[in-house]
Amino acid sequence: MPGQRVLDDASVEAVLRGGTVAPELEPLAGFVRVIRTAAAQPVRPSRELADRMASGVFVTDRPDRRANAGTTLSKLAAMSLRAKVATGCAAALTGLTGVTAAGALPEVAQERAETIIESVTPIDFPDRAEFGHEVAEDAQDGGVDGQQISEQAKEQGQQSAGPGNTGRADEHRPAGTPGGPPTGLPTPDRIPREASQERPDPDDHPGAGSTGRPDVPPNDAEGGPPDP
Amino acid sequence: MDPGRARLAIGEGFTEILHSARSGAPWAFERLYIDVAPVVAGYLRLQGAAEPDDLTSEAFLGVFGRLASFEGSEQQFRSWVFTIAHHRLVDERRRAARRPSIPTADAQMFDRPGGDVEHDVFDVLGTARVYELCAGLSDDQREVLILRIVADLTVEQVAAIVGKSVGAVKALQRRALNALRKKLERDAYPYEGVTRSRR
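Sequence order for the protein chains is A and B.
The first sequence runs 2 to 229 under our numbering.
The second sequence runs -3 to 195 under our numbering.
Bear in mind the hints are in silico, worked out from the structure with no lab data behind them.
Note that this is a predicted model, so its numbers are computed, not measured.
Mixed in with the good hints, there may be bad ones.
[Claimed, not checked] Cβ pair distances, simulated, as ranges: (1) B:Ala167 / A:Glu27: 19 to 27 Å; (2) B:Ser65 / A:Asp125: 44 to 52 Å; (3) A:Asp52 / B:Asp135: 31 to 39 Å.
[Stated by the list, open to error] DMTMM-like mimics (lysine to aspartate or glutamate), calculated; alpha carbons at most 25 Å apart, straight line: (4) B:Lys179 / B:Asp136; (5) B:Lys179 / A:Glu119; (6) B:Lys160 / B:Glu8; (7) B:Lys178 / A:Asp10; (8) B:Lys166 / A:Glu25; (9) B:Lys160 / B:Glu181; (10) B:Lys160 / B:Asp136; (11) B:Lys178 / A:Glu25; (12) B:Lys179 / A:Glu156; (13) B:Lys179 / A:Glu27; (14) B:Lys178 / A:Asp9; (15) B:Lys179 / B:Glu128; (16) B:Lys160 / A:Glu25; (17) B:Lys166 / A:Asp9; (18) B:Lys160 / B:Glu70; (19) B:Lys160 / A:Asp10; (20) B:Lys166 / A:Glu27; (21) B:Lys178 / A:Glu27; (22) B:Lys160 / B:Asp87; (23) B:Lys166 / A:Asp10; (24) B:Lys179 / A:Asp10; (25) B:Lys166 / B:Asp135; (26) B:Lys166 / B:Asp136; (27) B:Lys179 / A:Asp9; (28) B:Lys166 / A:Glu14; (29) B:Lys160 / A:Glu14; (30) B:Lys166 / B:Glu181; (31) B:Lys178 / A:Asp125; (32) B:Lys178 / B:Asp135; (33) B:Lys178 / B:Asp136.
Ideal Cβ positions, reconstructed from N, Cα and C, are used throughout, including at glycine.
Bound-form chain A, shown alone (with noise of 0.2 Å):
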């Protein structure tokens, strides 16, 4: 434009920062005015930063994860070779044992690293040959020693009928004996005949005929009415 004045860096510096200016400059002076008033808006914070700001979590709730690790490489750094190599032992051996223990690995691979493991940790695996065995030798006797247990059970009643005895079944049940079903899983109301031939009379063993469940009467799974 014809007969403008260039703008060199003080007229610039005094046009932005508000100071005294020439009078040609005055309407730039004044639009830059309005730019700094229209910018200062109240503005309200989002509510996530309103509740932080009202309850100061700011300071805790964001730890600096790279000066964390800078930490932790440095302490790692420090150490000398041996406390490296115990460390980094010590680090492989609980991922090992962590996957181990869920059974993450493949058979062969597990077996080898159970031996590890319980070779040099307390840690004690169950053998998984023997899984079930126990039960299973049960099943095939004849059923879970419900027989002896109820023996037991009514010595045990007829010897201290005091107070705080319930006489319940299941106080007196060996470790590792299957109990009841779960608690929420459906009960079969009937027992299949087929099944029912093969079991054991549920007179010799209540335990094992009735619906598991220790404190329902045997008669009363057996002799109630089917559901329609």
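Assemble the complex: chain A is given as a structure, and chain B must be docked to it using the hints.
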């Protein structure tokens, strides 16, 4: 001092407020927010942010979350806040991949308590024109100019934020002012009369 001039509002008490905010004092967060958030929102609004208020809150979540790592004066704090706000804006632009819009009918402008209706209407029209003229600048020119005017930052601070040299920032602000000057003379819009009568 010019009433429209954005000056440091806290002053000598800034160190104590900063220390209290680091300790989690709500009043300190509030004070820092009240002091800086309006100009941050204004900067984002003039830059054409889609949701300037939300972006301001997002920026302050970042600011307060990293307050423990900040050391410096109030002026440096202001510069640091605008650095974070600038990064948030760049992120938003990358997400949206669009040019800044011209918000001519911002409901918030009309939501202020009234008094002198003629002045309020004139103010709104003036603000709309400000957005329009700023949107007519190049992205770099607008960025530099708004950081200089709204954030009240020095050339060096602006250069650090936008990642350019001091010389480049000076050239950009000069070109921006020249462009605005031409438009204002062409439009013959009486900014001087409006602003002076309002002060």
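Verification of the supplied hints:
1. B:Ala167 / A:Glu27: 19 to 27 Å: holds, 24 Å
2. B:Ser65 / A:Asp125: 44 to 52 Å: Given range 44 to 52 Å: holds, Cβ gap about 49 Å.
3. A:Asp52 / B:Asp135: 31 to 39 Å: Taking Cβ atoms as reference, Asp52 (chain A) and Asp135 (chain B) lie about 35 Å apart, which means the hint holds.
4. B:Lys179 / B:Asp136: Distance ~18 Å between Lys179 (chain B) and Asp136 (chain B) Cα, so the pair holds.
5. B:Lys179 / A:Glu119: Distance of about 84 Å is beyond 25 Å: violated.
6. B:Lys160 / B:Glu8: Given pair Lys160 (chain B), Glu8 (chain B) is violated - Cα atoms ~31 Å apart, limit 25 Å.
7. B:Lys178 / A:Asp10: holds, 18 Å
8. B:Lys166 / A:Glu25: holds, 21 Å
9. B:Lys160 / B:Glu181: violated, 30 Å
10. B:Lys160 / B:Asp136: Holds, at roughly 10 Å.
11. B:Lys178 / A:Glu25: holds, 12 Å
12. B:Lys179 / A:Glu156: Violated, because 108 Å separates the two Cα atoms, which is more than 25 Å.
13. B:Lys179 / A:Glu27: holds, 14 Å
14. B:Lys178 / A:Asp9: holds, 16 Å
15. B:Lys179 / B:Glu128: OK: Lys179 (chain B) and Glu128 (chain B) at ~11 Å, within 25 Å.
16. B:Lys160 / A:Glu25: Roughly 30 Å separates the two Cα atoms, so the pair is violated.
17. B:Lys166 / A:Asp9: holds, 10 Å
18. B:Lys160 / B:Glu70: Between Lys160 (chain B) and Glu70 (chain B) the Cα gap is close to 23 Å, so the pair holds against 25 Å.
19. B:Lys160 / A:Asp10: Roughly 18 Å between the alpha carbons, so the hint for Lys160 (chain B) and Asp10 (chain A) holds.
20. B:Lys166 / A:Glu27: Holds: Lys166 (chain B) and Glu27 (chain A) sit about 20 Å apart, inside 25 Å.
21. B:Lys178 / A:Glu27: Holds. Lys178 (chain B) to Glu27 (chain A) sits at ~13 Å (cutoff 25 Å).
22. B:Lys160 / B:Asp87: OK: Lys160 (chain B) and Asp87 (chain B) at ~18 Å, within 25 Å.
23. B:Lys166 / A:Asp10: holds, 8 Å
24. B:Lys179 / A:Asp10: holds, 20 Å
25. B:Lys166 / B:Asp135: holds, 15 Å
26. B:Lys166 / B:Asp136: holds, 12 Å
27. B:Lys179 / A:Asp9: holds, 19 Å
28. B:Lys166 / A:Glu14: holds, 10 Å
29. B:Lys160 / A:Glu14: With Cα atoms ~18 Å apart, Lys160 (chain B) and Glu14 (chain A) stay inside 25 Å; holds.
30. B:Lys166 / B:Glu181: holds, 22 Å
31. B:Lys178 / A:Asp125: Status violated; Cα separation ~86 Å.
32. B:Lys178 / B:Asp135: holds, 18 Å
33. B:Lys178 / B:Asp136: Holds, at roughly 18 Å.
This entry does not satisfy hints 5, 6, 9, 12, 16, 31, going by the numbered hints stated previously.
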